[in-house]
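Chemist: Next come the chains, spelled out residue by residue.
2 protein chains.
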Amino acid sequence: MGTVIASGSMSLDGYVALDDNTVGPLFDWYEAGTVEWANHGDVPPFHLTTESAKYLEWTRHVGAVVAGRNTFDFTDGWNGTHPFGCPVVIATHEAPTGWDHPGSENFSFVTDGIEAVIARAREVAGNKDIAVTAGEVATQAVRAGLIDEIRVDLVPVLLGRGRPFFTTDPSNALLLQDPIEAITAKRVVHLRFAIQR
Amino acid sequence: MGTVIASGSMSLDGYVALDDNTVGPLFDWYEAGTVEWANHGDVPPFHLTTESAKYLEWTRHVGAVVAGRNTFDFTDGWNGTHPFGCPVVIATHEAPTGWDHPGSENFSFVTDGIEAVIARAREVAGNKDIAVTAGEVATQAVRAGLIDEIRVDLVPVLLGRGRPFFTTDPSNALLLQDPIEAITAKRVVHLRFAIQR
Chain A
0 MGTVIASGSM SLDGYVALDD NTVGPLFDWY EAGTVEWANH GDVPPFHLTT ESAKYLEWTR
60 HVGAVVAGRN TFDFTDGWNG THPFGCPVVI ATHEAPTGWD HPGSENFSFV TDGIEAVIAR
120 AREVAGNKDI AVTAGEVATQ AVRAGLIDEI RVDLVPVLLG RGRPFFTTDP SNALLLQDPI
180 EAITAKRVVH LRFAIQR
Chain B
0 MGTVIASGSM SLDGYVALDD NTVGPLFDWY EAGTVEWANH GDVPPFHLTT ESAKYLEWTR
60 HVGAVVAGRN TFDFTDGWNG THPFGCPVVI ATHEAPTGWD HPGSENFSFV TDGIEAVIAR
120 AREVAGNKDI AVTAGEVATQ AVRAGLIDEI RVDLVPVLLG RGRPFFTTDP SNALLLQDPI
180 EAITAKRVVH LRFAIQR
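Quick note, the sequences are listed as chains A and B, same order. Just so we're aligned: 18 in numbering that gives the first Met the number 0 is position 19 of the first sequence, and the numbers increase by one with no gaps anywhere. Just so we're aligned: 83 in numbering that gives the first Met the number 0 is position 84 of the second sequence, and the numbers increase by one with no gaps anywhere.
Mixed in with the good hints there might be a few duds.
No copy labels: a pair is met if it fits in one copy or bridges any two.
[Said to hold, decoys possible] No farther apart than 20 angstroms at their CA atoms in a straight line, the calculated lysine to any residue pairs in the SDA-like style are these:
(1) Lys185 <-> Ala172
(2) Lys185 <-> Arg121
(3) Lys185 <-> Gly97
(4) Lys53 <-> Glu114
(5) Lys185 <-> Thr167
(6) Lys127 <-> Ile182
(7) Lys53 <-> Trp36
(8) Lys185 <-> Leu174
(9) Lys127 <-> Trp98
(10) Lys185 <-> Asp147
(11) Lys53 <-> Phe26
(12) Lys185 <-> Gln195
(13) Lys127 <-> Leu17
(14) Lys53 <-> Asn69
(15) Lys185 <-> His39
(16) Lys53 <-> Asp111
(17) Lys127 <-> Thr48
(18) Lys127 <-> Asp99
(19) Lys185 <-> Glu148
No lab work stands behind these hints: they were computed from the structure. Just so we're clear, the structure is a prediction, and the values are computed from it rather than from any experiment.
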């Protein structure tokens with residue numbers, strides 16, 4: 000069974016996007032080097048540092064991406080093809096109507112809670128890993144005990160405000176395991192933590 | 000002239016304390032090893048891992064600590080002696096009255112803004128470095144261009160709510176320089192960033 004990984008680029012003050020969903024300098028590390036990194040669909044190739052290219056290999060083992068409705072709407076579902084080139088599961092209150100792109104058959108819309116979202120992602124991922132997009136959905140999944148690992152691409156910028164990687168939750172603190180690795184590269188530190196089990 | 004360093008232990012979701020100023024597991028790395036680390040005043044020795052002890056050497060070069068009134072009140076001014084054993088400058092709207100401990104003569108209370116706070120810290124620190132405590136005061140100092148370096152001891156825990164290292168600021172994003180180092184140790188990743196100049 001694949002590993003369920005919550006992941007995203009996060010500013011040092013904890014945000015994965017500005018309020019308008021733009022990312023400011025959070026993705027600068029995608030263009031910080033010369034290693035060409037092909038993406039599927041409409042997203043042009045990245046140009047990574049050697050360190051970031053090696054780190055990003057984990058995404059080659061992803062068999063399903065989970066994201067929230069906000070991300071889906073902002074990207075218009077990546078016009079039907081996620082950059083990872085794999086099926087996508089969207090957590091939403093209501094499936095969109097009339098959304099039709101080549102590849103849209105690879106999208107699932109799950110309306111009955113985070114457990115069902117991750118269960119659906121497991122179905123489509125098979126034995127491959129699952130990448131859960133940072134933000135509300137990732138936080139819900141972490142809090143529900145559905146995430147195995149957190150990968151944070153920590154970017155040296157203070158955004159000052161925006162959409163947090165981890166939304167607030169007054170219930171209790173959640174201990175993670177000791178850091179597995181921290182890789183410094185140009186415009187980013189790649190951090191990896193396992194969840195306490 | 001010394002380096003001005005904003006520093007603190009921060010949860011992966013960005014908090015340096017809970018709302019009641021307690022720190023939960025944020026200081027677990029102080030007791031994660033066997034290297035005894037002496038503190039001044041009332042704070043008992045830490046027991047650090049080898050990695051954290053080496054990292055923490057920077058605090059030996061600190062000649063003044065800057066903190067906010069909230070920290071001062073919560074610790075009762077460390078009963079007059081900061082664990083670093085150096086003078087302390089408190090940013091406050093009003094100096095306390097009747098606060099008297101052995102060592103209280105090493106405390107300054109500055110009421111006329113963050114520039115004056117850091118200027119006073121430079122006076123008392125001489126050529127040594129200045130440590131600015133994470134939170135509102137550190138954020139003000141960063142935003143005012145008064146900080147040279149940020150050191151974050153990033154702790155693998157999600158607190159869910161609390162007092163942030165970096166308070167919100169809608170004005171603009173602030174780019175930091177590339178990460179200088181990231182050291183993984185038990186219960187912490189020590190991160191170091193310089194400010195863009």
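Chemist: At most 20 angstroms between CA atoms: does that hold for Lys127 and Leu17 within a copy, between copies, both, or neither?
Modeler: Cα proximity of Lys127 and Leu17: none, with 31 angstroms in one copy and 38 angstroms across.
Chemist: Regarding Lys185 and His39, is the shortest C-alpha distance of 20 angstroms or less found within a copy, between copies, in both, or in neither?
Modeler: neither (24 angstroms within a copy, 38 angstroms between copies)
Chemist: Have a look at Lys53 and Glu114 and pick one of within, between, both or neither, based on CA distance no larger than 20 angstroms.
Modeler: neither (32 angstroms within a copy, 43 angstroms between copies)
Chemist: For Lys53 vs Trp36, is the C-alpha pair at or below 20 angstroms within one copy, between two copies, both, or neither?
Modeler: Close inside one copy (11 angstroms), not across copies (37 angstroms); limit 20 angstroms.
Chemist: With identical chains treated as interchangeable, where does the CA-CA distance between Lys185 and Glu148 reach 20 angstroms or less: within a copy, between copies, both, or neither?
Modeler: between (23 angstroms within a copy, 17 angstroms between copies)
Chemist: Given identical chains, is Lys127 near Asp99, meaning Cα to Cα at most 20 angstroms, within a copy, between copies, both, or neither?
Modeler: neither (26 angstroms within a copy, 63 angstroms between copies)
Chemist: Please work out whether the CA atoms of Lys127 and Trp98 approach to 20 angstroms or closer within one copy, between two copies, in both situations, or in neither?
Modeler: For Lys127 and Trp98, the Cα distance exceeds 20 angstroms both inside one copy (27 angstroms) and across copies (62 angstroms).
Chemist: 20 angstroms Cα cut-off: does Lys185 pair with Thr167 within a copy, between copies, both or neither?
Modeler: neither (30 angstroms within a copy, 25 angstroms between copies)
Chemist: For the identical chains here, do Lys53 and Phe26 meet the 20 angstroms Cα criterion within one copy, between copies, both, or neither?
Modeler: within (17 angstroms within a copy, 32 angstroms between copies)
Chemist: Checking Lys185 and Gln195: alpha-carbon separation at most 20 angstroms within a copy, between copies, both or neither?
Modeler: between (30 angstroms within a copy, 14 angstroms between copies)
Chemist: My question is about Lys185 and Ala172: at a cut-off of 20 angstroms on alpha-carbon distance, are they close within one copy, between copies, both, or neither?
Modeler: Intra 32 angstroms, inter 18 angstroms, cutoff 20 angstroms: inter-copy only.
Chemist: Evaluate Lys127 and Thr48 at a C-alpha cut-off of 20 angstroms and name the case that applies: within, between, both or neither.
Modeler: This pair counts as neither: shortest intra-copy Cα distance 26 angstroms, inter-copy 36 angstroms.
Checked against the numbered hints given earlier, the structure breaks hints 2, 3, 4, 5, 6, 9, 13, 14, 15, 16, 17 and 18 and satisfies all the rest.
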